[in-house]
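Visitor: So the chains spell out like this:
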Amino acid sequence: MSQVAANPAPGARDAISRAARRRPSAVLIEFGLLLAAVSSILITAGIVYVLFSESIPFFRAVPLWEFLTDSQWTPLFDDKHFGILPLVCGTLTTTGIALLVALPLGTIIAIWLSDFARPGIRETVKPILELLSAVPTVVFGYFAIQFVSPALGRIIPDLPLFNVLAAGIVMGIMIVPYISSLSEDAMRAVPMLLREGSYGMGANRLTTAIRVVFPASLSGVGAAYTLAISRAVGETMIVAIAAGMQPTLTLDPTSQAQTVTAYIVQVSMGDLPHGSLEYQTIFAAGLTLFVMTLGFNLLSVALRRRFRQVY
Amino acid sequence: MRPIDQTIRRGIFADRVFSIIGWASLLFCLCMLGLLLYSLLSDGASRLSWDFLSSFPSRRAAAAGAKSALVGSLLVMLITACTAIPLGIAAGVYLEEYARKNWFTSLIEVNIANLAAVPSIIYGLMALGLLVYQFHLGQSILTGGITLAFLILPIVIVATREALRSIPQHMREAAFALGASRWQVVRDHLLPYSTGGISTGVIIALSRAVGETAPLVTIGAISYIAFLPPSPFSERPWLPATNAQRAIAPNAQEGPLASGLDDMARPPHSGTIEVRVRPAQGANTTPVTTTLAFEPSMSIEDLRAAFDSVEGLSASLTPSGNLALAADAGSEFSLANDTAGLTRALDLDKGGGRYGPVEWAWSPFTVLPIQMFNWLSRPDEAFAKNAAAAGLLLMAVTLGMNGAAIFVRARMRRRIKW
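Respectively, the protein sequence lines represent chains A and B. The opening position of the first sequence corresponds to residue 4 in the numbering used here, with each subsequent residue numbered one higher. The opening position of the second sequence corresponds to residue 7 in the numbering used here, with each subsequent residue numbered one higher.
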């Protein structure tokens with residue numbers, strides 16, 4: 004009997020060895036799937052290639068030093084100045100206001116959902132909150148200019164219709180779900196043992212949440228924060244609609260300002276000929292934006308390494 | 007030291023206070039969502055009607071509609087879905103089921119994580135530099151669709167991987183034990199089991215693409231389009247003289263937003279184009295074919311002169327700087343064998359069509375969010391109502407898609423028990 008099992012019939016052996024050999028079609032399929040996976044790298048390569056190849060002629064004409072230090076950005080006027088600072092300043096101001104709104108709100112909601120809310124409420128509220136991040140940004144822009152800005156104008160006298168404050172606040176509301184959802188996931192991943200230990204020592208819920216759960220989930224919460232910052236820095240339509248189109252070097256939230264992204268939109272809507280210096284400014288601005296978000300991302304990776312806790 | 011019961015009371019009090027703060031924060035966010043919907047509804051509900059859905063944009067706010075934007079959104083999403091879904095699923099399957107653990111795989115993984123954080127407008131710049139100016143796809147539906155596909159690719163890949171990862175290992179092992187090849191396991195088992203998870207991810211990704219504005223503005227989607235892309239079913243081999251005016255400069259009705267055409271109006275590369283003119287005496291007269299040669303160095307005035315030299319055809323420049331061709335009264339003309347790429351650069355309606363049934367993919371376009379942005383950026387307050395109505399449409403589509411995704415996820419969770 005064992006003899007038979009060890010030596011299968013000649014036909015069966017052929018079939019097995021045929022199946023074991025990798026058929027050309029299998030190799031072809033694997034190669035096709037590999038190509039699809041590699042396409043993501045090609046996209047990155049395309050982004051880097053376009054941003055650099057279109058920016059290099061710009062930086063030949065405008066020295067990098069002038070680009071980084073000049074305090075005026077007027078490439079579309081007769082008296083041309085190419086200082087990116089006013090645009091970066093606009094981006095940082097709107098991002099700052101958005102974070103002032105979103106970080107406290109998002110963190111409080113995350114803590115509340117993970118450690119205070121009943122499971123039933125949590126399961127209903129989370130998808131509803133995530134709907135907030137599904138709203139198209141152009142609709143948020145409408146909300147900022149048609150509702151929030153006039154409402155703020157009633158509180159703050161002499162507030163111009165286009166202002167950084169309204170754009171920043173609405174942007175903050177937009178990124179709350181990113182923070183609350185991801186942070187809550189991170190906080191729920193903290194083992195129950197830690198909480199029980201804390202309760203056992205006599206701590207109340209709030210102390211446990213702030214002193215035990217929050218520090219333990221810091222790497223995940225940090226990742227949520229940096230994603231939110233990237234979103235705010237790269238957000239385009241809200242600021243293009245509601246923050247105005249005047250690049251000014253100011254941190255005053257009640258004034259108009261133009262962000263890097265809003266400038267790119269403004270030029271894209273216009274009719275500058277391809278290849279002109281004015282046209283290349285949008286790629287230089289895009290490169291600035293790319294470097295900023297990349298910086299935040301690398302920071303987030305570093306933070307995650309630093310604060311990672313393994314249970 | 008404080009007495010213990012006081013400490014406990016303080017703790018309970020702090021918990022209660024925080025609980026209220028948490029509720030308040032949550033209500034604040036939900037109120038904002040409610041206010042957003044309210045302001046859209048109060049401004050836009052009165053404009054939502056069949057007329058609004060079936061009219062082209064207009065200079066009069068009350069007559070303007072979203073027809074071209076709706077069709078544009080639909081066609082762009084068609085291209086996006088056809089590109090991003092197969093590509094994303096294939097990449098996800100490779101990374102989860104085929105890839106070996108090495109530096110190259112982890113490079114792809116890090117890269118996908120980084121792509122998800124790149125601002126959408128950067129994708130627009132990439133598409134402008136690469137698809138529009140390097141590959142000469144034009145500022146077309148095809149370019150727009152591919153751009154959005156790139157944008158949502160990371161979401162589809164991550165959703166596919168998560169869906170595959172949630173299938174227990176023993177399902178694979180059982181199939182392998184029965185002699186299935188890796189591809190057979192993927193095709194007959196893993197993909198069918200993960201359909202729910204993948205489609206949730208795909209729906210959410212597409213709903214994000216529907217609302218995306220910035221990258222399409224960057225590649226130069228035009229916000230004033232008063233015509234539809236050519237239908238794959240219609241054949242228009244000849245352009246009658248009355249149609250010719252519209253044919254050449256479809257967006258000539260409004261100046262500033264049709265701009266950029268001057269730059270595009272140069273032949274992309276040197277080549278020839280055949281102009282056929284059929285005289286007026288009935289359908290069976292033989293057309294006269296003239297071949298014109300073009301160089302990229304030619305200006306729009308040179309183009310006009312070249313077309314004007316053809317017998318029976320007159321060419322002129324419209325006030326907004328577009329080129330208009332017209333056949334003499336009663337006769338018809340068509341353009342063919344366009345090796346200069348001129349018809350595409352000029353957005354010419356060239357009768358027979360260079361790309362046959364997929365001609366529409368090369369058509370200029372607008373989408374719903376861009377139309378809304380355009381209406382919103384006009385000083386006239388009446389257009390804000392149109393913007394609100396367009397916003398309502400957008401919200402209905404995106405919230406509907408997200409609702410569908412939640413529904414699919416919930417159903418899937420109930421059905422599958424490993």
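Keep in mind that the hints were calculated from the coordinates and are not lab data. All figures in this text were calculated on a predicted structure; none of them were measured in a lab. Glycine residues also receive a C-beta, built at the ideal position from the N, C-alpha and C atoms. One or more of the hints may lead you astray.
Claimed, not checked - Some but not every residue of chain B turned toward chain A, in silico, with C-beta under 10 Å: (1) S61; (2) F62; (3) T278; (4) L374; (5) L382.
Visitor: Hint by hint, say whether it matches the structure.
Guide: How the hints compare with the structure:
Taking 10 Å as the C-beta contact cut-off toward chain A, the hint placing B/S61 at the interface is violated, the least distance being around 21 Å. The closest approach between the C-beta of B/F62 and any C-beta of chain A is roughly 20 Å, which is over the 10 Å cut-off, so the hint fails. Because the closest C-beta pair between B/T278 and chain A is about 24 Å apart, greater than 10 Å, the hint is violated. With a cut of 10 Å, the hint placing B/L374 at the interface with chain A holds, because the nearest CB-to-CB distance is about 9 Å.
Nearest Cβ of chain A to the Cβ of B/L382: about 6 Å, under the 10 Å cut. The hint holds.
The structure fails hints 1, 2, 3 (numbered hints given earlier, in ascending order).
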